[in-house]
Amino acid sequence: MGRFSDVATAAYNSVRDVFTINTYKYNSLPDDEGRDGIITYKPTKYYWPERRRLCTLIIGAMVFAALLTLALGFRQAPGEESVSQFWGQYSPFFSVPSDISAATPEGCEITFAQVLSRHGARDPTASKTQAYKDLVDRIHNNVNTYGREFEFIKDYQYTLGADELTIFGQRQMVASGEAFYKRYQSLAAKADPFMRSSGQNRVVESGLNWTEGFFGAKLQDGHSGPDGGLNGLLMIIPEADGVNNTLDHSLCTAFESGNFSKVGDEAQVAWRETFTAPIVTRLNANLPGVEFTPADAVSFMQLCPFNTVVNGTQSQFCSLFTLDEWKDLEYYETLGKYYGFNAGNPLGPTQGVGFTNELLARLTQKPVQDHTSTNSTLDADPVSFPLDRVLYADFSHDNDMMSIYGALGLYNETAPLSKTSRTSVRDAKGFTASWTVPFAARMYVEKMKCGGSDEELVRILVNDRVVPLNGCGADEQGRCKLGAFVNSQRWQKPMDCVRGFDEGKDNKRLVGSGELYRRAGSHPSRKLRQLSSATTHIPQPSQLYPPQVSPRLRKTQKTPENDNWTKLGYCAVQCVILFCALRCRADDLASSCALHCLAKQGSARPGYFSHQRIQLSSATATALATTVALATLT
1 MGRFSDVATA AYNSVRDVFT INTYKYNSLP DDEGRDGIIT YKPTKYYWPE
51 RRRLCTLIIG AMVFAALLTL ALGFRQAPGE ESVSQFWGQY SPFFSVPSDI
101 SAATPEGCEI TFAQVLSRHG ARDPTASKTQ AYKDLVDRIH NNVNTYGREF
151 EFIKDYQYTL GADELTIFGQ RQMVASGEAF YKRYQSLAAK ADPFMRSSGQ
201 NRVVESGLNW TEGFFGAKLQ DGHSGPDGGL NGLLMIIPEA DGVNNTLDHS
251 LCTAFESGNF SKVGDEAQVA WRETFTAPIV TRLNANLPGV EFTPADAVSF
301 MQLCPFNTVV NGTQSQFCSL FTLDEWKDLE YYETLGKYYG FNAGNPLGPT
351 QGVGFTNELL ARLTQKPVQD HTSTNSTLDA DPVSFPLDRV LYADFSHDND
401 MMSIYGALGL YNETAPLSKT SRTSVRDAKG FTASWTVPFA ARMYVEKMKC
451 GGSDEELVRI LVNDRVVPLN GCGADEQGRC KLGAFVNSQR WQKPMDCVRG
501 FDEGKDNKRL VGSGELYRRA GSHPSRKLRQ LSSATTHIPQ PSQLYPPQVS
551 PRLRKTQKTP ENDNWTKLGY CAVQCVILFC ALRCRADDLA SSCALHCLAK
601 QGSARPGYFS HQRIQLSSAT ATALATTVAL ATLT
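No gaps in the numbering here: position 291 of the sequence shown is 291 in the working numbering, and each next residue is one more.
Be careful, since some hints might not be right.
Ranges of calculated distance between the beta carbons of each label pair, as one might list FRET restraints [claimed, not checked]:
no.	residue 1	residue 2	range
1	Gly-222	Leu-387	49 to 59 Å
2	Asp-454	Gly-161	16 to 26 Å
3	Ala-277	Gly-161	26 to 36 Å
4	Ala-277	Asp-137	23 to 33 Å
5	Ser-261	Gly-147	32 to 42 Å
Here are the computed lysine-lysine pairs in the PhoX-like style, where the Cα-Cα straight-line distance is at most 20 Å [said to hold, decoys possible]:
no.	residue 1	residue 2
6	Lys-262	Lys-419
7	Lys-429	Lys-327
8	Lys-419	Lys-447
9	Lys-419	Lys-429
10	Lys-447	Lys-190
11	Lys-182	Lys-419
12	Lys-128	Lys-262
Hints in this document: simulated from the structure, not taken from any laboratory.
Beta carbons: idealized from backbone N, C-alpha and C, even for Gly.
Modelling step: build the complete structure from the supplied sequences, incorporating the hints.
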């Protein structure tokens with residue numbers, strides 16, 4: 001606290017002196033902040049000479065601009081391309097461009113909302129982290145002369161873990177929960193979501209982080225959550241062998257280990273041999289002695305996203321490749337998803353039938369009709385599978401979400417993807433790995449009531465992009481009537497869709513601990529409990545681009561208009577109060593609040609903040625947030 005206090009006090013005094021020259025005084029804070037909640041202040045006197053006042057205002061404007069420049073850093077305007085959007089399923093969440101407005105249509109009211117979310121950013125899987133470490137060791141053991149821009153690898157130490165959610169990933173999920181609350185505020189202010197998670201640790205932690213974001217936003221909005229606090233029950237379904245789980249594919253032997261289990265890998269190999277040829281040549285020239293293979297080239301490129309999502313700071317590995325090469329890698333990952341778990345695999349979409357039938361039950365408030373991967377014990381119990389809620393949240397994996405997209409027919413208009421040439425995102429009808437299943441991906445299923453319609457309408461958004469529904473007579477806004485949408489999914493009932501599924505077990509206990517539910521407030525996630533001893537501030541999801549990013553890959557955006565010190569200060573105060581409730585350190589919360597509030601002033605569009613380029617040092621963020629808050633309250 002000592003360092004934080006010194007930095008904050010110094011920053012506050014310097015900025016206040018520039019603006020006031022010791023002649024500008026403020027009234028004390030009134031007892032009543034007013035109906036609009038905006039803290040106001042009023043000058044009591046000022047008597048500056050005209051020239052002195054002009055000079056002071058100019059200096060003040062320069063300081064203000066400098067602070068905003070430091071805080072906003074390099075920001076990416078909506079629609080601009082950045083390398084982080086071409087890392088496939090390893091891309092951080094970003095709002096995908098939508099041809100149809102994602103806003104609720106005029107004259108309509110949302111009556112139901114379901115989110116299906118991927119977990120937040122994680123370390124590599126155990127097998128991949130070993131492969132990456134082996135590659136780094138080979139480089140260190142064989143390279144004596146490092147090429148230009150490759151010199152940093154000489155001192156690079158591989159420290160990535162395996163399978164665990166990163167702190168950056170946790171921050172993503174808190175932001176996701178907050179975004180869900182704000183989008184469906186009319187429902188969320190009065191009702192709490194029913195929440196489920198697949199049983200793997202990173203998915204459970206993601207669900208808990210999401211609940212903290214959701215209920216934190218609700219508390220900040222003046223509405224209490226369950227038991228009047230930051231709580232909320234998360235039902236956990238085991239990922240154990242033989243346990244029916246619609247959020248985890250594992251029951252279909254023909255899919256898991258049969259003839260169709262390698263379709264995705266084979267498609268990737270064909271494209272890998274094509275696009276990595278010039279990359280392999282360049283790597284061998286700059287890192288002589290390693291003798292890179294096409295598989296090595298892909299692994300080397302993947303060191304960029306995984307080293308980035310550890311803490312949100314873009315890795316030096318990222319600037320070693322061109323934007324076009326990243327698009328090639330994106331297509332490589334897309335082929336794996338399309339032919340592994342979506343329409344390119346005959347059994348891919350069938351893995352998502354169980355969840356789809358649960359979704360239909362929720363939309364119609366009728367019992368589940370399914371004989372695939374649903375857990376009949378859980379789904380038959382109104383406690384573990386209620387049908388009377390208006391908000392639902394489920395947490396899963398990217399591959400499972402891909403199968404669910406396939407079962408819903410969301411990308412039926414996507415033609416089979418070429419394995420030898422890159423299909424553009426437009427020609428693929430929006431089907432790419434980064435557009436569909438990035439870290440912290442989210443699918444929203446909405447039911448709405450509109451004037452002039454005697455039946456509710458259904459709409460689906462994937463990462464803020466409206467995906468027009470197929471086979472049910474969708475209107476110009478991509479929506480179908482509820483009955484038509486349900487009927488369009490009837491193909492999932494025939495027996496050929498369940499052929500190949502093993503007989504699963506209905507298990508109502510969390511294997512290993514006997515725990516079916518967890519409460520967010522009483523079970524904070526692993527790394528959030530460690531923040532009190534952390535040495536760096538909590539990274540925001542948008543904090544991806546440091547100043548050293550290669551100029552050829554950097555794009556900037558002008559400073560948002562209508563920034564206001566008073567609004568920033570009020571936002572900072574609210575944010576500090578909320579982060580205190582979430583048990584964050586003082587300097588952690590200050591830096592996070594500075595980023596949050598500044599981005600909030602830049603745009604109110606849902607999901608906008610989560611893909612902006614912002615780089616802010618801990619000291620600068622702390623000083624800025626504290627200065628804004630104190631200057632407003634003084």
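Hints and how they fare:
1. Taken as a hint, the range 49 to 59 Å is violated for the pair Gly-222 and Leu-387, whose Cβ atoms sit roughly 29 Å apart.
2. Separated by about 54 Å at the C-beta atoms, Asp-454 and Gly-161 break the suggested range of 16 to 26 Å.
3. Hint check: Ala-277 to Gly-161, Cβ distance near 32 Å, so the stated range 26 to 36 Å holds.
4. The beta-carbon spacing between Ala-277 and Asp-137, approximately 25 Å, falls within the hinted interval of 23 to 33 Å.
5. The hint said 32 to 42 Å for the Cβ distance between Ser-261 and Gly-147, and at roughly 39 Å that hint holds.
6. Between Lys-262 and Lys-419 the alpha-carbon distance is near 14 Å, which keeps this suggested pair within the 20 Å criterion.
7. For a cut-off of 20 Å, the pair hint linking Lys-429 to Lys-327 stands: about 16 Å separates their Cα positions.
8. A hinted pair counts as satisfied when its Cα atoms are at most 20 Å apart, and Lys-419 with Lys-447 does not qualify at roughly 37 Å.
9. Straight-line distance between C-alpha atoms of Lys-419 and Lys-429 comes to about 17 Å, which keeps the hinted pair within the 20 Å bound.
10. For the suggested pair Lys-447 and Lys-190, the alpha carbons sit about 17 Å apart, so the restraint of at most 20 Å is met.
11. Our distance criterion of 20 Å between C-alpha atoms is broken by Lys-182 and Lys-419, whose separation comes to about 41 Å.
12. Distance check on the hinted pair: Lys-128 and Lys-262 sit about 17 Å apart at the alpha-carbon level, within 20 Å; holds.
Going down the numbered hints, you'll see the structure goes against 1, 2, 8 and 11, while the others check out.
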